[in-house]
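Protein sequence lines, in the order shown, are assigned to chains F and A.
Residue numbers for the first sequence follow the working numbering, so the first one is 1 and each next one is one higher.
Residue numbers for the second sequence follow the working numbering, so the first one is 1 and each next one is one higher.
Keep in mind the hints are simulated off the structure, nothing from the lab.
It cannot be assumed that every hint is accurate.
As the list claims (entries may be wrong) - In the DSS-like style, the derived pairs of lysine-lysine whose C-alpha atoms are separated by at most 25 angstroms in a straight line are:
| hint | chain 1 | residue 1 | chain 2 | residue 2 |
| --- | --- | --- | --- | --- |
| 1 | A | 531 | A | 542 |
| 2 | F | 61 | A | 275 |
| 3 | A | 531 | F | 61 |
| 4 | A | 4 | A | 275 |
| 5 | F | 54 | A | 398 |
| 6 | F | 54 | A | 531 |
| 7 | F | 17 | A | 542 |
| 8 | F | 30 | F | 174 |
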Amino acid sequence: MRALSINSVSKSFGPVKAVQNTSIEIEAGKIQGILGPNGSGKSTTLKMVLGMLKPDLGSIKVYGVDVQQSPIEAKRMVGYVPESSRLYEFLTGVEYLDFIGDVHGLDVETKKSRITEFLEAFELEGRENEMISGYSQGMKQKIAMIAAFIHRPRLLVFDEPLNGLDPKAARIVKDLIHKLARDGVTTIFSTHILEIAEAICDGITIMYEGRILAEGTMQELRSQAGMPGSTLEDVFMKVTGTNDVRSIVEALAR
Amino acid sequence: MNLKLVYRLAMVLVVSQVRATRSRVRLKSFRRPIAIFAVGLIAFFLAFIFFWEIAPAISSVEGGGIALEDLTRQGLIGLPSFVIFFTILSGLLWELSYSAQFSSTDIINALPLSASEYVLGSSLSVAYSYSLIPAIGLGATLALGVYFHSIDLWMMTAVFTFMGTFLGAFVIEIVRAVMSRTSSAFYRRGGRIAIATRLIGAVLILLAFQLAFNYRVMYVLLQSVMTGITVAWFIPVAWPSLAVMESDRGNYAIAFTLAVSSLVFMVVMFWLSVKLRERYWVPIPASIRITTTPYSPRTGFLGRLGFSSAESAIVRKDLRSLTRRREMARLLAIPVIILVSMLASFTSSGGSELEFLAFSLVSFSLAVAIFSLVMSMISIGQEASAIWNIYSSPIAPKEIVKAKLMLGFLISLGVLLVILLAFGLLFRPNYQVLILFFFLGLSLAIVETSVGLMIGSWFPDFGEIPRSRFVTFSGGFVGTIAGLIVAGIVGAPAFIYAFVGSMFQSSEYSLAAVTALTILLGVAVSIIAYKLSVLKMSELLKELPT
Numbered sequence: 001m002r003a004l005s006i007n008s009v010s011k012s013f014g015p016v017k018a019v020q021n022t023s024i025e026i027e028a029g030k031i032q033g034i035l036g037p038n039g040s041g042k043s044t045t046l047k048m049v050l051g052m053l054k055p056d057l058g059s060i061k062v063y064g065v066d067v068q069q070s071p072i073e074a075k076r077m078v079g080y081v082p083e084s085s086r087l088y089e090f091l092t093g094v095e096y097l098d099f100i101g102d103v104h105g106l107d108v109e110t111k112k113s114r115i116t117e118f119l120e121a122f123e124l125e126g127r128e129n130e131m132i133s134g135y136s137q138g139m140k141q142k143i144a145m146i147a148a149f150i151h152r153p154r155l156l157v158f159d160e161p162l163n164g165l166d167p168k169a170a171r172i173v174k175d176l177i178h179k180l181a182r183d184g185v186t187t188i189f190s191t192h193i194l195e196i197a198e199a200i201c202d203g204i205t206i207m208y209e210g211r212i213l214a215e216g217t218m219q220e221l222r223s224q225a226g227m228p229g230s231t232l233e234d235v236f237m238k239v240t241g242t243n244d245v246r247s248i249v250e251a252l253a254r
Numbered sequence: 001m002n003l004k005l006v007y008r009l010a011m012v013l014v015v016s017q018v019r020a021t022r023s024r025v026r027l028k029s030f031r032r033p034i035a036i037f038a039v040g041l042i043a044f045f046l047a048f049i050f051f052w053e054i055a056p057a058i059s060s061v062e063g064g065g066i067a068l069e070d071l072t073r074q075g076l077i078g079l080p081s082f083v084i085f086f087t088i089l090s091g092l093l094w095e096l097s098y099s100a101q102f103s104s105t106d107i108i109n110a111l112p113l114s115a116s117e118y119v120l121g122s123s124l125s126v127a128y129s130y131s132l133i134p135a136i137g138l139g140a141t142l143a144l145g146v147y148f149h150s151i152d153l154w155m156m157t158a159v160f161t162f163m164g165t166f167l168g169a170f171v172i173e174i175v176r177a178v179m180s181r182t183s184s185a186f187y188r189r190g191g192r193i194a195i196a197t198r199l200i201g202a203v204l205i206l207l208a209f210q211l212a213f214n215y216r217v218m219y220v221l222l223q224s225v226m227t228g229i230t231v232a233w234f235i236p237v238a239w240p241s242l243a244v245m246e247s248d249r250g251n252y253a254i255a256f257t258l259a260v261s262s263l264v265f266m267v268v269m270f271w272l273s274v275k276l277r278e279r280y281w282v283p284i285p286a287s288i289r290i291t292t293t294p295y296s297p298r299t300g301f302l303g304r305l306g307f308s309s310a311e312s313a314i315v316r317k318d319l320r321s322l323t324r325r326r327e328m329a330r331l332l333a334i335p336v337i338i339l340v341s342m343l344a345s346f347t348s349s350g351g352s353e354l355e356f357l358a359f360s361l362v363s364f365s366l367a368v369a370i371f372s373l374v375m376s377m378i379s380i381g382q383e384a385s386a387i388w389n390i391y392s393s394p395i396a397p398k399e400i401v402k403a404k405l406m407l408g409f410l411i412s413l414g415v416l417l418v419i420l421l422a423f424g425l426l427f428r429p430n431y432q433v434l435i436l437f438f439f440l441g442l443s444l445a446i447v448e449t450s451v452g453l454m455i456g457s458w459f460p461d462f463g464e465i466p467r468s469r470f471v472t473f474s475g476g477f478v479g480t481i482a483g484l485i486v487a488g489i490v491g492a493p494a495f496i497y498a499f500v501g502s503m504f505q506s507s508e509y510s511l512a513a514v515t516a517l518t519i520l521l522g523v524a525v526s527i528i529a530y531k532l533s534v535l536k537m538s539e540l541l542k543e544l545p546t
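The shape of chain F in the complex, shown without the other chains (with noise of 0.2 angstroms):
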């Protein structure tokens, strides 16, 4: 089944060209990578999979359900975490988590036991009454990531998920996106953090400059770019061109 369906989307601020047609398709249950350098269009394109932005041409459906036409039903299927969560800081992180839980309609048994269950997975428990404008910037993240799972969401949209996490929860959040992708649980998500990508994405895409240069697996990635046996960093370095970092840092030290 076809969870994610981005159909030739192109998407201007402006003069500048965020997204130039651009195609996705993931089937369910796996787990997309897109890679890019900043201002490649990576958070523009995941913004406008949960109807945040309007594209200006083409067409996004979630599940089946055009996000345009039926922006509600699409996101109650979606959890989410921005590239900088900005959450309510005069929230308590509870509270915050009960906020969320309400807003997607969750019942109170079922909000009290998943919240207790992710706080403690993400050792917040006793930090959990204070007012999220004392909380670190981990912390913080902590929290967006857990009020992207709380409503068991069919697709999760993770932009730079792993931001400020320490190593544990970054650990939690990996295996928990496997776990979620065997149950049938889509992930896409983008992420500077090449090893990261390499290590869990059934598919990667390479944007730049609002296109899709390279798509496909890690094998694929590397046939395309002819490097074979090589890393991930290396092929994204030719794919996207940026691959004279040497001179520029000799330019620098100068």
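Knowing the structure of chain F, use the given hints to seat chain A on it.
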């Protein structure tokens, strides 16, 4: 002190503010700091031309010349004190809204900038931003001053008006530091009682500063303890105006003393604001524990009333926002400031019973109307950069509108009951007046909340830097006008009943009719505003503001 750095900082603050508040203005020139100067200059000349043209016409009417000359003197004398009052009031309402989160992580805290440079730069930006009103005042008084050969007096007024703007800006810096200190102190204690105490403390601080720099209120207070003495001499904010007055009377020695005292007072305010800034520069974000009780969700009161879980969740969240965010305390102070200032002014002027009723009705209506309007006008923009939470959640526009309306109305109702209780205990009016006030207040609360929400979803301002305004400048302007118009419409039957009716010995029957008509008008306007709010909210939710 590096004055070049002060100027650069002031310009950065002005640019941020201009770009944040005028982001929708298409003409790029209006998004530059020079636009404030240009608008001020145009306003100055327009005011000058207007008064220059009408002065001869008024003077040609019998007695008009004397009246106008008298008015000119009052204007020239009163302008400096008015500007101080205006800057402080505007500052309290709009300049204290820098969120605690940003004030602790602001990059400015990491720059090699002294407290005095920061205070001067920030004050310069405030004075520059609020230059429009002084410009209009100076343009008008210059025309009249030239017409009545009082140009020397005008020059003195101009100097003191300029000083007054800075004095007001320094006071704002003091309030900012005091608020920051109070917040930290209460926050460290944690718990719900500390949150409530902090909120009441913040409202009282705002009220105290507002009253301390309100010339009329201070006059009334001092007059009650100092009979037989010119009490105005003991009110520093009145010194600039008194200096102009004494100069006009030819008492140059006194005028000089008052002028020097004004200058010294301004320097003291600057010194105090620098010292407070030095001491409470960076508010440390404390870990605030609200409760120690384990998490135990319940179906709330609103759920039992038929509200969806999402709607109830938004109401709860916004209520917490209102009581826990430092930048929201100023909004809760609005009705208190309006009522206390107006009643103090009325008490100082005296008047008949009918005048008292008229004045109470206007003060009461204004307090309820402005509070309800402002509370709902800011309800969308206050989501600020956390607005993505709403955009990414499965919440329908109608649900948001219903939730925001419900909270706005509930809080307005609470404020209405408190004001009514205070009014009843203080002035002991008859029951007819209380019934009239209650239903008028209720209708105003409903209608202004609806109109405010419509404006809030039409002109939201999600920006937080340099200051959170929650509603755009144009939105604030349109909202105020719309709010006053609908208050006039809804309040019309009550006003007619109170004044025309009392002359004709109104009956209980007419009281019931007036009440019904007030409610009917309130409901009609509210329905229209509600429909428009849903429409605007649907448009707003189509795309995350970039």
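We went through each hint and held it up to the structure:
Between the alpha carbons of residue 531/A and residue 542/A the distance comes to roughly 17 angstroms, so the proposed pair stays at or under 25 angstroms and holds. For the hint pairing residue 61/F with residue 275/A, the CA-to-CA distance comes to about 59 angstroms; that exceeds 25 angstroms, so the pair is violated. For the proposed pair residue 531/A and residue 61/F, the alpha carbon gap of about 30 angstroms is over 25 angstroms, so the pair is violated. The suggested pairing of residue 4/A with residue 275/A holds, with an alpha-carbon distance near 21 angstroms, which does not exceed 25 angstroms.
Taken as a hint, the residue 54/F and residue 398/A pair is honoured in the structure, with Cα atoms around 20 angstroms apart against an allowance of 25 angstroms. Simply put, residue 54/F and residue 531/A have alpha-carbon atoms about 24 angstroms apart, close enough for the 25 angstroms limit, and the pair holds. About 20 angstroms separates the Cα atoms of residue 17/F and residue 542/A, which keeps this hinted pair within 25 angstroms; it holds. In summary, the hint linking residue 30/F to residue 174/F is supported, as the alpha carbons are separated by about 13 angstroms, within the 25 angstroms threshold.
The structure shown violates the earlier hints numbered 2, 3.
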